[in-house]
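If you want the building blocks of each chain, they are given just below.
Protein chains: 2
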Amino acid sequence: MTVRVAVDALGGDRGPDEIVEGALLAAGTGIEPVVYGPARLDTRGLAHVEAGEAIEMDESPVDAVRAKPGSSLVRAVRAVAGGEAQAVVSTGSTGAMLAASLLHVRRLPGVLRPGIAVVLPARRGPSVLIDAGANADARPEHLLQFAHMGSLFAQEILGVAEPGVRLLSIGEEPEKGSQLALEAHELLRASTLRFEGNTESKRLLEGDADVVVTDGFTGNVALKALEGAILTTLLSLREELESSARGRLGGLLIRPGARRLRDRLDPEAHGGAYLLGLRGLVVIAHGSSSRVAVANAIRLAALGVEHDVVGRLEERLSSVAARPDPAASGSAAAQARTEH
Amino acid sequence: MTVRVAVDALGGDRGPDEIVEGALLAAGTGIEPVVYGPARLDTRGLAHVEAGEAIEMDESPVDAVRAKPGSSLVRAVRAVAGGEAQAVVSTGSTGAMLAASLLHVRRLPGVLRPGIAVVLPARRGPSVLIDAGANADARPEHLLQFAHMGSLFAQEILGVAEPGVRLLSIGEEPEKGSQLALEAHELLRASTLRFEGNTESKRLLEGDADVVVTDGFTGNVALKALEGAILTTLLSLREELESSARGRLGGLLIRPGARRLRDRLDPEAHGGAYLLGLRGLVVIAHGSSSRVAVANAIRLAALGVEHDVVGRLEERLSSVAARPDPAASGSAAAQARTEH
Numbered sequence: 002m003t004v005r006v007a008v009d010a011l012g013g014d015r016g017p018d019e020i021v022e023g024a025l026l027a028a029g030t031g032i033e034p035v036v037y038g039p040a041r042l043d044t045r046g047l048a049h050v051e052a053g054e055a056i057e058m059d060e061s062p063v064d065a066v067r068a069k070p071g072s073s074l075v076r077a078v079r080a081v082a083g084g085e086a087q088a089v090v091s092t093g094s095t096g097a098m099l100a101a102s103l104l105h106v107r108r109l110p111g112v113l114r115p116g117i118a119v120v121l122p123a124r125r126g127p128s129v130l131i132d133a134g135a136n137a138d139a140r141p142e143h144l145l146q147f148a149h150m151g152s153l154f155a156q157e158i159l160g161v162a163e164p165g166v167r168l169l170s171i172g173e174e175p176e177k178g179s180q181l182a183l184e185a186h187e188l189l190r191a192s193t194l195r196f197e198g199n200t201e202s203k204r205l206l207e208g209d210a211d212v213v214v215t216d217g218f219t220g221n222v223a224l225k226a227l228e229g230a231i232l233t234t235l236l237s238l239r240e241e242l243e244s245s246a247r248g249r250l251g252g253l254l255i256r257p258g259a260r261r262l263r264d265r266l267d268p269e270a271h272g273g274a275y276l277l278g279l280r281g282l283v284v285i286a287h288g289s290s291s292r293v294a295v296a297n298a299i300r301l302a303a304l305g306v307e308h309d310v311v312g313r314l315e316e317r318l319s320s321v322a323a324r325p326d327p328a329a330s331g332s333a334a335a336q337a338r339t340e341h
Numbered sequence: 002m003t004v005r006v007a008v009d010a011l012g013g014d015r016g017p018d019e020i021v022e023g024a025l026l027a028a029g030t031g032i033e034p035v036v037y038g039p040a041r042l043d044t045r046g047l048a049h050v051e052a053g054e055a056i057e058m059d060e061s062p063v064d065a066v067r068a069k070p071g072s073s074l075v076r077a078v079r080a081v082a083g084g085e086a087q088a089v090v091s092t093g094s095t096g097a098m099l100a101a102s103l104l105h106v107r108r109l110p111g112v113l114r115p116g117i118a119v120v121l122p123a124r125r126g127p128s129v130l131i132d133a134g135a136n137a138d139a140r141p142e143h144l145l146q147f148a149h150m151g152s153l154f155a156q157e158i159l160g161v162a163e164p165g166v167r168l169l170s171i172g173e174e175p176e177k178g179s180q181l182a183l184e185a186h187e188l189l190r191a192s193t194l195r196f197e198g199n200t201e202s203k204r205l206l207e208g209d210a211d212v213v214v215t216d217g218f219t220g221n222v223a224l225k226a227l228e229g230a231i232l233t234t235l236l237s238l239r240e241e242l243e244s245s246a247r248g249r250l251g252g253l254l255i256r257p258g259a260r261r262l263r264d265r266l267d268p269e270a271h272g273g274a275y276l277l278g279l280r281g282l283v284v285i286a287h288g289s290s291s292r293v294a295v296a297n298a299i300r301l302a303a304l305g306v307e308h309d310v311v312g313r314l315e316e317r318l319s320s321v322a323a324r325p326d327p328a329a330s331g332s333a334a335a336q337a338r339t340e341h
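Same order as they appear, the protein sequences are chains F and S. According to our numbering, numbering within the first sequence proceeds without interruption in unit steps and concludes at 341. According to our numbering, numbering within the second sequence proceeds without interruption in unit steps and concludes at 341.
Simulated from the structure, these hints should not be mistaken for laboratory data. Among these hints, one or two may not hold up.
Each pair may be met inside one copy or between any two copies, as identical chains are not told apart.
Keeping only pairs whose Cα atoms sit at most 27 Å apart, straight-line, the calculated DSSO-like set for lysine-lysine is [claimed, not checked]:
no., residue 1, residue 2
1, Lys203, Lys177
2, Lys69, Lys203
3, Lys69, Lys177
Keep in mind that this is a model prediction, so the values were computed, not measured.
Based on the sequences and whatever the hints tell you, model everything.
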């Protein structure tokens, strides 16, 4: 089986050639990248669909997606909707990817909001954080759905038979947290998931749970705090060591180890994040992605297709909805309000 | 001038003797600690008020504060309300300190919610994060008040003449963020503060702003994510280095530098956080505080008294309220709902 992955060549900080290099790294052994980018772009033999218009980071996502149907981002997303590709990868604006996906790929039946699932490189093994930023505001029933999505992700992609789920809050006790966290806690407790209670953000890199569920605002703040703190700690250590001869020698000796650590903790290691809850497989990669990160994102997309993440998610969510699950209540009204 | 600081000897993870040691370190040169703790406690010559009952971490804060008026925590807080001390420091439950302070010290006129202000050890210098967890839910007008409190803190304690204020959100653009962040952004923009726009959590340890304002849920998640990531990065580096002879030698050489870095980034360095917006000076220290951290917390409390943080905050808030400031609208209704 060969998986065709639509790759948006525009939107990355390092330019389209870096994206092409990443696509080349991922090509072969079951993956066929299709590059969506400007006519002048040399795709080095990879399939090429000409789409030169770019969506900029500072554009309103919804307006840009509507105004630029011929942009590389929208064309690549539509390739999944139209069946020309089985997955799409972009390093462009998360908001634009979300808007284009909602408009063209559309939500799975019963899905209130798509959620962004990222893999945290925790000490005890990978841990899925969802929602990492698709929705700035959320309601308790959204968090319950994110938990089901994250649980399925952990099963299919991380190979965890019965994933443990925790809710991100500001204390481990069930009565600690915002109104949203308290209500989500109750829904999770009453669900069929293996819910293990709250967790705190200081434990995120330890990996107390296979899946950590939160709203997109909190998830995005937590994720970026981790990224910033890891980088600042390593950078500050280097500065600290430069102040003495002993430190400089030590710094030289630890360089390979520090680099391995940086690579291991690097949020780019997994190359991208799934946008879950849609009728097709959508992967969003960091704007700063290197060719290696782009290749990893394309492989992650292909892996999702091979494991039929979309199909299994549809099954899972319909079986949940069929039960007398608290998530079902009010979902019609919620759906009506969810168009971005 | 000598500042009398009521010190709660119970509630710390390391036991009351460690708190006494911290109080001894801080005693003298203008600081007179008064220890509130069990009769059997040896306070090594420091003033001692017998109060043996403890409030446990798993108790409901409001219930515990009401049920245990003779506890060391409540007695120490009441010492400030009654004028026996000018400030109070506790390593006990944040929730109980908040509840006891609201009940006994009470809010300054016009204050909707007290906020926790912590100093982040950012690369460009100290930066105040407020609210770091006093309120799990907040409204835009609360964030505006937190910004004024944080700004005054930066002026009085950090010595910044005209502090720059930023709002923590999930994008630098004003239109990015939750409904709460969007509305708070508008209030901050219309205020008399030196508002410099949004900031993201990945920049918190860089120190882009003198004051970073957010709601207590987000602030607590961000703070704990930073703490966890710093510790995990240093711990992971040590593990990584142990895997080779070269790494082990390098690890030995960098040890002093790494320790200096850990101390500099250590959230305990400043020893505690102010609970701002009250009629008295309240400092909350980490439960895990060492004697050094306890001493720093007591010094921070004394510094706040010397700079009359409470008096100046009252002036500032009343001058803000006197202007046609958006914060004034709806504050009466908000106050009615704010009793914890």
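Tell me, please, which holds for Lys69 and Lys203 at an alpha-carbon limit of 27 Å: within, between, both or neither? neither (42 Å within a copy, 31 Å between copies)
Can you tell me if Lys203 and Lys177 fall within 27 Å by alpha carbon in one copy, between copies, both or neither? Classified as both; 15 Å inside a copy, 25 Å across copies.
Measure nothing new, just compare the shortest in-copy and cross-copy C-alpha distances for Lys69 and Lys177 to 27 Å and report within, between, both or neither. between (45 Å within a copy, 21 Å between copies)
Hint compliance for this structure: hint 2 is the single one not met.
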